[in-house]
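Chain by chain, the residues:
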Amino acid sequence: MIYHRALPHVYGYLLPRCGSVSLAEDLTAETFMAAVAATRKPDAPELTVGWLVGVARHKLADHWRRSAREERTAAVAAQPEDAVDDPWDTWLDTDAAHAALRRLNVHHRAALTLRYLDGLPVAEVALHLGRSLTATETLLTRARAALRRVVREESHDR
Amino acid sequence: MTADPLDALRLPVVPVDPRPRFAAGLLRQIAAATGDSADPAAGGADPAALRDNPTVRYFVRDLATAIAFYCGRLGFEEELVAAPGFAMLYRGGLRLLLSVSGVPGAGAPLPDGSVPRAGGWNRITLQVTDIVGTVEALRAAGVRVRADVSAGVAVSQALIEDPSGNLVELIEPAAGYRERT
Amino acid sequence: MSTVSVRYIVDDVDAAIAFYRDHLGFNELMHPDPAFAMLTVGDLRLVLVAPVPAGHPGGGSRPMPDGTRQRPGGWNRFMLEVPDLEAAAAKLRAAGVVFRNEIVTGIGAKQVMIEDPSGNPVELFEPIRPEARLQGA
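Chains as they are written, first to last, in numbering that gives the first Met the number 0: chain A, 0 to 157; chain B, 0 to 180; chain C, 0 to 136.
Some hints could be false.
[Said to hold, decoys possible] Chain C residues, not near chain B, derived (Cβ > 12 angstroms throughout): (1) Leu-43; (2) Arg-44; (3) Pro-62; (4) Pro-71; (5) Ala-89; (6) Ala-94; (7) Pro-116.
[Stated by the list, open to error] Straight line, CA to CA, 25 angstroms or less: simulated SDA-like cross-link-like pairs of lysine to any residue: (8) C/Lys-109 to B/Arg-9; (9) C/Lys-109 to B/Thr-33; (10) C/Lys-90 to B/Pro-110; (11) C/Lys-109 to B/Ser-155; (12) A/Lys-40 to B/Val-114; (13) C/Lys-109 to B/Leu-109; (14) A/Lys-40 to B/Thr-33; (15) C/Lys-109 to B/Glu-78; (16) C/Lys-109 to B/Gln-156; (17) C/Lys-109 to B/Pro-110; (18) A/Lys-40 to B/Leu-79; (19) C/Lys-109 to B/Val-114; (20) C/Lys-109 to B/Gly-84; (21) C/Lys-109 to B/Pro-4; (22) C/Lys-109 to B/Val-142; (23) C/Lys-109 to B/Val-80; (24) C/Lys-109 to B/Glu-77; (25) C/Lys-109 to B/Leu-62; (26) C/Lys-109 to B/Pro-172; (27) C/Lys-109 to B/Ser-113; (28) C/Lys-109 to B/Gly-104; (29) A/Lys-40 to B/Ala-32; (30) C/Lys-109 to B/Leu-5; (31) C/Lys-109 to B/Gly-101; (32) C/Lys-109 to B/Ala-82; (33) C/Lys-109 to B/Pro-19.
These aren't lab readings, by the way, just hints derived from the structure by calculation. Keep in mind it's a predicted model, so treat the numbers as computed, not measured. Glycine is no exception: its CB is placed at the ideal position from the N, C-alpha and C atoms.
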């Protein structure tokens, strides 16, 4: 049955993006229950691993939106924002960058995960986040700056 | 157009096995949601779940000892126990039935007098992480290791015995190797 | 965990492949070596291996450190659900498949055991539908 085969793929998609086993498990369960419900509808989609990962991505974006609403706006506004996107150093420690993502606020983390970890075009990122294209581009600029700041802070600490 | 250095963060989907308890619970939930509704009063096995889970039957000498071994040492979960002769366990997608030799049911003597019993070389294969550590821990706990860890090209494998002498094969894929589907 | 894997020792891998493929609907996934094959049906992966000498590169069917050779047989087996056990059994009998017992009715299912060409058992079962059981009660 597709669900057995797809489970490690869905979980494997979610775990590195969630950073916690319990959140990844919750979202995995939500994904499969949503999939089962969708297969009951008359225009049921084709049940493939790729489609299930897409559902998982929606569930993850939903989770980020919920978290973002719960985060106090004061905390979000307190982050210093660089309007200018300075160029990165040519060498990027991807492990450090992936780890640093966890330290960003949820808006920045969501935008960078969809745009870079998933490789989605900016227009699709906008759809997932429920923002306009312009707002998403602005968010990505700030998110990249925030990521660079965290990566630099952590490398100086070493 | 200059390449975006953050494109290096691209993370393709790599399958990861979740915790066996979680996986078993979720797959049962899905089977219940997608299968025919079973009459809870009917007892026995749920037909919808049986359709979805590959099933293996092992013969054992003692039910409680066998359950303690599979659940306590190998991460199986109890689904149903019908002492003294039968138990149904899950580990991920594998449904393992334990039948006690000589007890009415699958373990009962056949018309020709032969009685199903444990043993033989055919076996289930379980994937583990850190096979060397796993086998060390099992050995330290008194589990018989019939064949120690040996590394092949794609997998490392080992053979351990359950308390009745049935074989269980443990494997760990080598880094970079994934199951062909 | 993503697939469920069972290993059976057989005398002749090609004969075993033909048996599982033609009688039980398995698909051949790979057969890279005369002594090794992988078949699938549903989520079950069946690995068939013939015993090989101690120096053979593959690990699954070599003798034990004390020299004991792996052999087919025994009672432990994987199970396959069939929608109509009587019909399946009749067809297999007509094709000359060896049966270890007659159809037995247990709690929840009817079952019967057949043997592959090496004498390994396979259990075929048909769940007893709850409605049918209630009717008989």
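Worksheet item: Which earlier hints can't be squared with this structure?
Response: Checked against the structure, the hints that fail are numbers 1, 2, 3, 4, 8, 11, 12, 16, 18, 21, 22, 26, 30 and 33, while the rest are satisfied.
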